[in-house]
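2 protein chains.
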Amino acid sequence: MSRGRVAPGRQVESDVVDVGEFQFESGEIIPNLQVAYEAYGEFTGTNAVVVCHGLTGSQHVAGHGTDSGVSGQARAWWSDIVGPGKAIDTNEYYVICVNVPGSCYGTSGPASDGPDGEPWGTDFPPVTVSDWTRAQRLLLDHLGVGRLHAVVGGSVGGMNALDWAVQYPDDVERLVVVAAAARLDPQCLGLDAVARRSITTDPNWNGGDYYGEDRPDPVEGLGLARQIGHLMYLSKDSMDRKFGRRSAGRGGRGDMYPADPAAAFFPYREVESYLDYQAEKFAERFDANSYLYLTRAMDDFDLSEGYESDAAALAAFEGEALLVSFTGDWHFTTDQSESLAEAFRAGDVPVAHHVVESDHGHDAFLVEPEKVGPPLGDFVTDGVDGRAVTDTATDGGEPDTEKDFAPVHSSLFSR
Amino acid sequence: MSRGRVAPGRQVESDVVDVGEFQFESGEIIPNLQVAYEAYGEFTGTNAVVVCHGLTGSQHVAGHGTDSGVSGQARAWWSDIVGPGKAIDTNEYYVICVNVPGSCYGTSGPASDGPDGEPWGTDFPPVTVSDWTRAQRLLLDHLGVGRLHAVVGGSVGGMNALDWAVQYPDDVERLVVVAAAARLDPQCLGLDAVARRSITTDPNWNGGDYYGEDRPDPVEGLGLARQIGHLMYLSKDSMDRKFGRRSAGRGGRGDMYPADPAAAFFPYREVESYLDYQAEKFAERFDANSYLYLTRAMDDFDLSEGYESDAAALAAFEGEALLVSFTGDWHFTTDQSESLAEAFRAGDVPVAHHVVESDHGHDAFLVEPEKVGPPLGDFVTDGVDGRAVTDTATDGGEPDTEKDFAPVHSSLFSR
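So the sequence lines, in the order shown, correspond to chains R and A. Numbered according to UniProt numbering, the first sequence terminates at residue 415, and the numbering increases by one at each position without gaps. Numbered according to UniProt numbering, the second sequence terminates at residue 415, and the numbering increases by one at each position without gaps.
What the hints contain is simulated information worked out from the structure, not anything from laboratory work. All C-beta atoms, glycine included, are put in the ideal place defined by N, C-alpha and C. Careful, some of the hints might be misleading.
Some chain R residues near chain A, calculated using beta-carbon distances under 7 Å [claimed, not checked]:
{"hint": "1", "residue": "R197"}
{"hint": "2", "residue": "L224"}
{"hint": "3", "residue": "D260"}
{"hint": "4", "residue": "L275"}
{"hint": "5", "residue": "Y277"}
{"hint": "6", "residue": "R387"}
Only part of the chain A face toward chain R is listed, based on derived beta-carbon distances under 8 Å [to be verified]:
{"hint": "7", "residue": "F22"}
{"hint": "8", "residue": "L55"}
{"hint": "9", "residue": "Y168"}
{"hint": "10", "residue": "P169"}
{"hint": "11", "residue": "D185"}
{"hint": "12", "residue": "T200"}
{"hint": "13", "residue": "L275"}
{"hint": "14", "residue": "Y277"}
{"hint": "15", "residue": "K281"}
{"hint": "16", "residue": "R285"}
{"hint": "17", "residue": "Y293"}
{"hint": "18", "residue": "D300"}
{"hint": "19", "residue": "G373"}
{"hint": "20", "residue": "G377"}
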């Protein structure tokens, strides 16, 4: 590598492409869908890997070399997994990550300007995971990328990846679904509904019309929604370790929320301080309407929609699949991933369900790259026979619970 | 039983007593603490049983014969357990239930009138579980009840019962702690903090000053807080069974919350409809400030506070104890009850930890009386040797996990 020349794995394209008229699943049409993406590495014709981001993520999956002004989970959110020499090696693969419609990092969404030059707000068409996938397909067409070596997604990005196998089964050789499920369970649906309510009951939300210098953003409501989400991403064990019941000291109260005079007798705890801090950071970087749009898309996703079963939805897929789940994750459970594995097995798709023992909750897919990277990297390279890939099924599909599993939650008397 | 005469077990006293000046744990003093209670049965001198209510419960534990205009969990909330011929048999025992300070069912709290004739609001002193116990003791003194045959409490009422064993160890012969813990874990602390924020960010909360005909109550915020609480009381399994992902139909949207135009494309699900309905009912019956006060008391409770350990806090207690926990409860876990059982065992207190297999979540202590009644009734009558009472400890305190337990959450592949 000569001085002054960027190594292939460190090449970054960062752009916004107008893919023209776009019809949403709802039937509504917008004249111009802008699609923001970031791509890493060199395209050889057969080495394209699409990475699908999570709910509040962005196209900046590795994000080196760009300075887009974004922060938090939107910035280089999986740089431990994607990059030169990493599990998804940008020296080998051409990795593309696309910001989904409805989000707020460059792809059209409620905060974008509509045809009248004003932000769409809630006039932006409702968005579904299926719309995300079709927008990604259009962007890839624009880039001249046809069949994909792999589609990889975590959390709701894993739902997006699953939708690739349904909508474009011939386009995907290897599918990686990390910490995801065929659909949300009603507990998560309930929590998401409350989170959305906390936004729409913030008077500053104003029916979704809060854009412009003269109007305050609904930061309180968006902050509360994020706090509910954050609690879903953590586990009891990780919270015990991280915060316990410790006091954060009196000085640290965030000033985002109204003072609560009768609370002064009680400690402001570390757990609250952490949630407040994260809420403030999040409200600075994310659009409240986008949070409504994207959680609705996640809640709405159901792999089997329009089919008789999950297995039927996946029947046309002829690639290989890796499912990665985490024992401490109660947002998307190991149980749900196993159910998904059974759907793949029913269609004789080569599938591995790799269970990671972790007490980090849903967050594990972001914070434990040392456990996620090896199976993911080996699968992308070698498929289900990859060295670090394990599978719950032994001997014809029966999960070997004794050998491979820890219980979803910590065992009864473990401390 | 002659016609026209009420059977002893059906006798109900329902009254509010002024116990005079009261100093709270915070040091603050109010000139007159009003204490509302309900009592059932006839006092014989040795048959008094105190039942401690949960967070939003009331003194109307069985509630027959009264018409207090309350509803929901405040009305006859444990009439399957307490009553003539029931597990806690009011033909045998004199059962007293006291509304706790800070609540809103007759005992002084933020919605009560202060010395100036105006509602206290957030000027009402902060309230702790210790204040609840002392107020109950004062009320019993007024009634001429000394030593108690038993103190029984569920959920935060179980914390209240534990506090009896710490503050008045000589006054309690038998202690029953149902679905409770020595302290909340940080996950629950976090959820409670978000719930309180949803109240205090409701503009109608107005710093706690919303009383009076001319001011709207913070029903949206209180409703959200209740929805978060409700989700904590249910389990994934019970929600799966009760709601699944079913749509409730378009017509059913509650009108408590602002319309969200971009949501119309998506179904209004049964889970959301249920939560909305429950939130509306709750906001009609409960005071928002009381919700803030009582959740703070719950969050603050720590059995070991002022002691070296839970065991040290319980060292002076010489009675017997029954702990009942539920395998599907993630608010107060079986794990936490076992830890509590170990604290009793460390002090050689005869204790039984009776684990109920249930997928009803925390709600189980209210909705599964057929599983709760027998051990509870037999323990109140016969102590830890009661016929239906089981214990996790066999052979010197080691829990027999193989025999007695199902995991806290449903097993990995159970459906």
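Tested hints:
1. Using the Cβ-Cβ criterion of 7 Å, the hint placing R/R197 at the interface with chain A is satisfied: the shortest such distance is roughly 6 Å.
2. Restraint check, R/L224 versus chain A: the minimum CB separation of about 6 Å is within 7 Å; hint holds.
3. Hint status for R/D260: holds, given a least beta-carbon distance of 5 Å to chain A, under 7 Å.
4. Here the hint on R/L275 is kept, as its CB sits about 6 Å from the closest CB of chain A, short of 7 Å.
5. Taking 7 Å as the C-beta cut-off, the interface hint given for R/Y277 is violated, the closest approach to chain A being about 13 Å.
6. Using the Cβ-Cβ criterion of 7 Å, the hint placing R/R387 at the interface with chain A is not satisfied: the shortest such distance is roughly 25 Å.
7. For the restraint placing A/F22 at the interface with chain R, the shortest Cβ-Cβ distance is roughly 16 Å, beyond the 8 Å limit, so the hint is violated.
8. Hint status for A/L55: violated, given a least beta-carbon distance of 16 Å to chain R, over 8 Å.
9. A distance limit of 8 Å between C-beta atoms decides the matter here; for A/Y168 the minimum to chain R is near 23 Å, and the interface restraint is violated.
10. For the restraint placing A/P169 at the interface with chain R, the shortest Cβ-Cβ distance is roughly 24 Å, beyond the 8 Å limit, so the hint is violated.
11. A hinted interface residue such as A/D185 counts as satisfied when its beta carbon comes closer than 8 Å to some beta carbon of chain R; here the least separation is about 6 Å, so the hint holds.
12. Checking A/T200 against chain R: minimum C-beta separation of about 5 Å stays under 8 Å; hint holds.
13. This hint holds: A/L275 has a C-beta 6 Å from the nearest C-beta of chain R, less than the 8 Å allowed.
14. The interface hint given for A/Y277 is violated, since its Cβ lies 13 Å from the closest Cβ of chain R, which is over the 8 Å cut-off.
15. A least Cβ separation of about 16 Å between A/K281 and chain R goes past the 8 Å threshold, and the interface hint is therefore violated.
16. At its closest, the beta carbon of A/R285 sits 20 Å from a beta carbon of chain R; the interface hint therefore is violated under the 8 Å criterion.
17. Proximity of A/Y293 to chain R holds as hinted, the smallest CB-CB distance being about 7 Å (cut-off 8 Å).
18. Contact between A/D300 and chain R, as hinted, is supported at the beta carbon level, the nearest pair being about 6 Å apart and thus within 8 Å.
19. At about 25 Å, the closest approach between the beta carbon of A/G373 and any beta carbon in chain R exceeds 8 Å, and the interface hint on this residue is violated.
20. Taking 8 Å as the C-beta cut-off, the interface hint given for A/G377 is violated, the closest approach to chain R being about 26 Å.
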